[in-house]
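Enquirer: Residue numbers (the numbering used here), protein chains in the order written: chain W, 516 to 926; chain U, 196 to 324.
Hints are computed from structural coordinates only; laboratory data are not their basis.
Hints are supplied without guarantee of correctness; some may be wrong.
Unchecked claim - Capping the alpha-carbon separation at 20 angstroms, the derived lysine to any residue pairs in SDA-like fashion look like this:
no. : chain 1 : residue 1 : chain 2 : residue 2
1   : W       : 862       : W       : 851
2   : W       : 737       : U       : 301
3   : U       : 301       : W       : 720
4   : W       : 873       : U       : 264
What the hints assert, rightly or not - If you only want the chain U side, here are some residues facing chain W, beta carbon under 10 angstroms, derived:
no. : residue
5   : 259
6   : 281
7   : 314
Said to hold, decoys possible - A few chain W residues facing chain U, derived, Cβ under 7 angstroms:
no. : residue
8   : 579
9   : 633
10  : 639
11  : 643
12  : 670
13  : 742
This one's a predicted model, so the numbers in the text were calculated from it and none came from an experiment.
Every residue, glycine too, gets a C-beta built ideally from N, C-alpha and C.
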Amino acid sequence: MSVCSLYPALRVTMPWSCSESHLGSCRKQLMFCVSRTTARRRASTGVSCSADTRTVVIGLAADSGCGKSTFMRRLTSALGGVAEPPRGCDAYSNTLVGDATTVICLDDYHALDREGRKEKGVTALDPKANNFDLMYEQVRALKSGVAVEKPVYNHVTGRLDPPELIRPPNILFIEGLHPLFDPRIRSLLDLSIYLDISNEVKFAWKIQRDMAERGESLESIKASIKARKSDFDMYIDPQKQYADVIIEVLPTRLIPDKSATEVLRVRLVMREGVKHFTPVYLFDEGSTISWTPCGGKLSCSYPGIRFFYGPDTYFSDEASVLEMDGRFDRLDELIYVESHLSNLSTKYYGEVTQQMLKHADFPGSNDGTGLFQTIVGLKVRQLYEQIIAGDGSHGLKREQLRRRCLRLSPV
Amino acid sequence: MATATAGVSTSARGVVSSKAELPKPQLSKGMLRLPWASGRRASSRRLVLVASSPSTPPNISEKVVESIKKAEETCAEDAASGECAAAWDEVEELSAAASHARDKLKASDPLEEYCKDNPETDECRTYED
Chain W
516 MSVCSLYPAL
526 RVTMPWSCSE
536 SHLGSCRKQL
546 MFCVSRTTAR
556 RRASTGVSCS
566 ADTRTVVIGL
576 AADSGCGKST
586 FMRRLTSALG
596 GVAEPPRGCD
606 AYSNTLVGDA
616 TTVICLDDYH
626 ALDREGRKEK
636 GVTALDPKAN
646 NFDLMYEQVR
656 ALKSGVAVEK
666 PVYNHVTGRL
676 DPPELIRPPN
686 ILFIEGLHPL
696 FDPRIRSLLD
706 LSIYLDISNE
716 VKFAWKIQRD
726 MAERGESLES
736 IKASIKARKS
746 DFDMYIDPQK
756 QYADVIIEVL
766 PTRLIPDKSA
776 TEVLRVRLVM
786 REGVKHFTPV
796 YLFDEGSTIS
806 WTPCGGKLSC
816 SYPGIRFFYG
826 PDTYFSDEAS
836 VLEMDGRFDR
846 LDELIYVESH
856 LSNLSTKYYG
866 EVTQQMLKHA
876 DFPGSNDGTG
886 LFQTIVGLKV
896 RQLYEQIIAG
906 DGSHGLKREQ
916 LRRRCLRLSP
926 V
Chain U
196 MATATAGVST
206 SARGVVSSKA
216 ELPKPQLSKG
226 MLRLPWASGR
236 RASSRRLVLV
246 ASSPSTPPNI
256 SEKVVESIKK
266 AEETCAEDAA
276 SGECAAAWDE
286 VEELSAAASH
296 ARDKLKASDP
306 LEEYCKDNPE
316 TDECRTYED
């Protein structure tokens with residue numbers, strides 16, 4: 516049995532790949548710690564068994580019922596995984612483990628289960644109901660290549676189930692209500708995304724989701740939103756100032772009726788200066804562009820499509836904003852729009868359209884929500900590839916060390 | 196293009212017809228397996244078939260109804276208290292769980308499940324040309 520020993524002194528940052536240990540508790544072995552000493556597998560210790568592939572951590576923050584699951588499915592699909600039924604933060608599974616990606620639902624770190632919250636009179640949005648220390652320790656452990664025993668929160672029963680083992684993946688997504696709340700966790704994230712849904716749209720989506728349910732009426736949905744609003748505004752909403760990418764979903768401006776929410780106006784806000792992230796732009800980076808693709812070359816049905824692009828400030832930071840108002844009705848509208856956008860991080864022409872078509876049955880496939888989620892997915896892929904390429908730039912030396920390591924690796 | 200529009204029209208549906216109106220699932224789905232049936236038409240019908248049943252597993256559905264009743268009672272006493280907010284938060288959590296359960300059911304194809312266990316039946320026979 517070979518495990519990595521937990522001595523901070525053995526922190527070596529040279530990247531080489533080694534064979535996996537049998538227990539899977541440490542993904543890679545250090546050349547020097549091939550001792551047979553068994554070590555206590557404490558998930559909270561930050562052992563740096565540095566590997567040539569480190570774990571990239573992406574945070575996704577959004578309120579309940581705002582499309583996190585759909586976003587995760589698109590993201591994992593853009594990264595080459597299988598688009599499975601919704602996982603992460605759902606009733607049956609809080610963790611999706613694919614080939615390269617793991618999605619962790621932060622509801623697993625609830626300090627208080629449903630009964631506990633009822634007694635204390637706090638909602639799940641309240642930081643008091645969540646164990647941020649454990650969250651930080653485990654995310655840090657996974658990032659440095661150590662497997663953890665993560666608690667499991669059962670959404671159906673509302674209780675905490677026995678923990679499950681999570682091995683460090685290539686890409687780790689943490690999705691939930693508070694990924695950006697704690698500054699220590701923020702420092703671990705390579706990219707953070709916030710889904711900002713306006714109140715009217717949120718209300719319309721919740722009606723669509725819940726009205727089919729027996730017992731759910733308009734009043735109960737309204738009451739539910741109202742009761743959670745103050746906690747949401749106090750704890751969840753402020754997280755958007757820390758996010759690198761914000762997707763805002765608002766009602767359309769193309770239809771004169773103010774309350775129209777069937778057509779959506781979606782804004783992709785991309786902060787400047789985010790490492791390994793190049794903002795998408797329209798026609799000319801840095802200019803302010805207003806573009807209506809429908810016209811001579813492309814005919815659209817009412818209400819059509821309108822794009823805006825330009826620099827802006829977001830919470831007093833420089834950002835560039837790409838906005839789409841309207842919806843797609845036909846394939847050629849989609850490919851026409853894609854051919855005019857730049858810096859999409861696609862690997863071939865038409866990749867965005869293909870990804871959108873692959874998931875044509877997902878909600879939002881015909882408007883900016885699907886389009887921008889797909890684009891962000893491709894950006895995440897580019898970010899991951901750039902981080903890995905940056906880490907693995909030691910070339911020949913790495914190869915030599917790897918061979919030495921394999922010779923020493925125990926049976 | 197047709198796939199996109201089919202997807203759009205299906206996802207745009209709100210509450211749709213109950214299960215009772217649909218033809219007997221066994222027979223109509225059996226037609227899909229025959230090679231001369233129009234693939235596109237059959238698949239769009241199939242989409243309608245699966246997507247149009249808003250069925251939530253009964254245990255979650257009951258939990259949602261119960262939690263709404265409890266929330267209304269709690270808030271009748273004191274609408275501004277933490278207990279009221281916690282009660283409605285529970286309703287929201289259970290509604291989300293119910294919606295995920297519905298999605299999971301929607302994604303699982305009853306025909307595929309049936310054919311896994313009974314590959315020799317007429318509906319499940321596949322023909323290679």
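Enquirer: Please go over all the hints and tell whether each is borne out by the structure.
Expert: Results for each hint:
no. : hint            : in the structure
1   : W:862 <-> W:851 : 17 angstroms, holds
2   : W:737 <-> U:301 : 27 angstroms, violated
3   : U:301 <-> W:720 : 18 angstroms, holds
4   : W:873 <-> U:264 : 41 angstroms, violated
5   : 259             : 6 angstroms, holds
6   : 281             : 5 angstroms, holds
7   : 314             : 23 angstroms, violated
8   : 579             : 5 angstroms, holds
9   : 633             : 5 angstroms, holds
10  : 639             : 6 angstroms, holds
11  : 643             : 10 angstroms, violated
12  : 670             : 4 angstroms, holds
13  : 742             : 4 angstroms, holds
Violated hints, in rising order: 2, 4, 7 and 11; the structure is consistent with all others.
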